[in-house]
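**Student:** Sequence:
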Amino acid sequence: MNATMTGSSDWILTQFARQASLSRHQALGIVVAMILSIALADYLSEIRLSLAIFYFVPILLAVGWLGTRAAVAVSVASIAFKLIGDVFELSGGPLPFWIWWNAASTLVVLLLVVWVCGHLITLYRELEQRVAERTREILMLSQERRRLERELLNASANERNLMGQELHDEICQHLVGTTLAAQVLCQRLAQQQNPLAQDAQAIIALIETGIGKTRQLARGLLLSEIAPEQLPERINDLVDESSSSGLACRFSHAGDVAVADPATAAQLYRIAQEALRNAVRHAGATRVDVTLAGDRQNVSLVVEDDGHGLSQERSGSGMGLPIMSHRAAYIGASLSIERTERQGTRVVCVLPRAGAAEA
Numbered sequence: 000m001n002a003t004m005t006g007s008s009d010w011i012l013t014q015f016a017r018q019a020s021l022s023r024h025q026a027l028g029i030v031v032a033m034i035l036s037i038a039l040a041d042y043l044s045e046i047r048l049s050l051a052i053f054y055f056v057p058i059l060l061a062v063g064w065l066g067t068r069a070a071v072a073v074s075v076a077s078i079a080f081k082l083i084g085d086v087f088e089l090s091g092g093p094l095p096f097w098i099w100w101n102a103a104s105t106l107v108v109l110l111l112v113v114w115v116c117g118h119l120i121t122l123y124r125e126l127e128q129r130v131a132e133r134t135r136e137i138l139m140l141s142q143e144r145r146r147l148e149r150e151l152l153n154a155s156a157n158e159r160n161l162m163g164q165e166l167h168d169e170i171c172q173h174l175v176g177t178t179l180a181a182q183v184l185c186q187r188l189a190q191q192q193n194p195l196a197q198d199a200q201a202i203i204a205l206i207e208t209g210i211g212k213t214r215q216l217a218r219g220l221l222l223s224e225i226a227p228e229q230l231p232e233r234i235n236d237l238v239d240e241s242s243s244s245g246l247a248c249r250f251s252h253a254g255d256v257a258v259a260d261p262a263t264a265a266q267l268y269r270i271a272q273e274a275l276r277n278a279v280r281h282a283g284a285t286r287v288d289v290t291l292a293g294d295r296q297n298v299s300l301v302v303e304d305d306g307h308g309l310s311q312e313r314s315g316s317g318m319g320l321p322i323m324s325h326r327a328a329y330i331g332a333s334l335s336i337e338r339t340e341r342q343g344t345r346v347v348c349v350l351p352r353a354g355a356a357e358a
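Just so it is clear: in the sequence shown, position 46 is 45 by numbering that gives the first Met the number 0, and no numbers are missing.
Don't read these hints as lab results, they were simulated from the structure.
Here are the simulated lysine to aspartate or glutamate pairs, DMTMM-like style, with alpha carbons at most 25 Å apart:
id : residue 1 : residue 2
1  : 212       : 239
2  : 212       : 288
3  : 212       : 165
4  : 212       : 158
5  : 212       : 240
6  : 212       : 236
7  : 212       : 232
8  : 212       : 273
9  : 212       : 168
Since this is a predicted model, take the numbers as computed values, not measurements.
Starting from the given sequences, assemble the full structure and let the hints guide the process.
**Tutor:** Here it is as structure tokens:
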């Protein structure tokens, strides 16, 4: 009940404090018409039946629409119209004292109401202006934060691209040259029937394995954008890479998992990559399940491991959790990290679809 009354009073204050969409002349015409209507009704009623309370409505409208000074003039005019009506009702005879007393006391009350309401409306408008200013500041800060996040992610992507390019163009080429030199050495040792030829061949195999891993790492670093329809395939490749290191990984996807653009797909890929890295490096997990699912409302990415679970130490910046949160916020997704029933960790990223977000 109290909440309802408070809401009603707030609505009434808002209506009276709001600037009229009418012109000043139109607002004045409405106020005068209301006063004349009330005065006519007061004249037609019995002289001892006062309708002065109804004058509060046009007077309050005058405070909100025309200002305090105009409301004072409207208050005086209201009492004047009432007295004129009483004079006509008494056929021009002298007015009794009690009529003058009632008129004076009513005028005092009306002026007091005008003063109080004028101050309330002024405070309300000042508060509304401050709220609007603070809202603009918050929006500007939010836009600035998103700009900085975008620059940070772009800088990170550029750094990844640079590192990937250096790995592919320099390190890989250097390792290829080393492999060729080792193959020449292996052939010479084999021609001499030197038993070290087998060791040289083993070294060549190790170098070729290093070339493969370096190229794989370079490809991962160079993925700044991913075609939306290729997102499941890329995440599956990521899971396969983790499985090759001895970790039991499983990937599944269901529904329509296509996202809006390549940049969004790349951010989801990076979130999955970071979650898998955390499971391997920090959680001590032996099994990780990665699920990508989509429906009409959302596209969700879930990475669940059977590791040690979350702790205060693991929630630090070294875990990469802040960057995952920034990536999720950048694409308008929500990110949650929680313990599972098996004391592992579950990372859930939910990306609303554009149509669902607008609805």
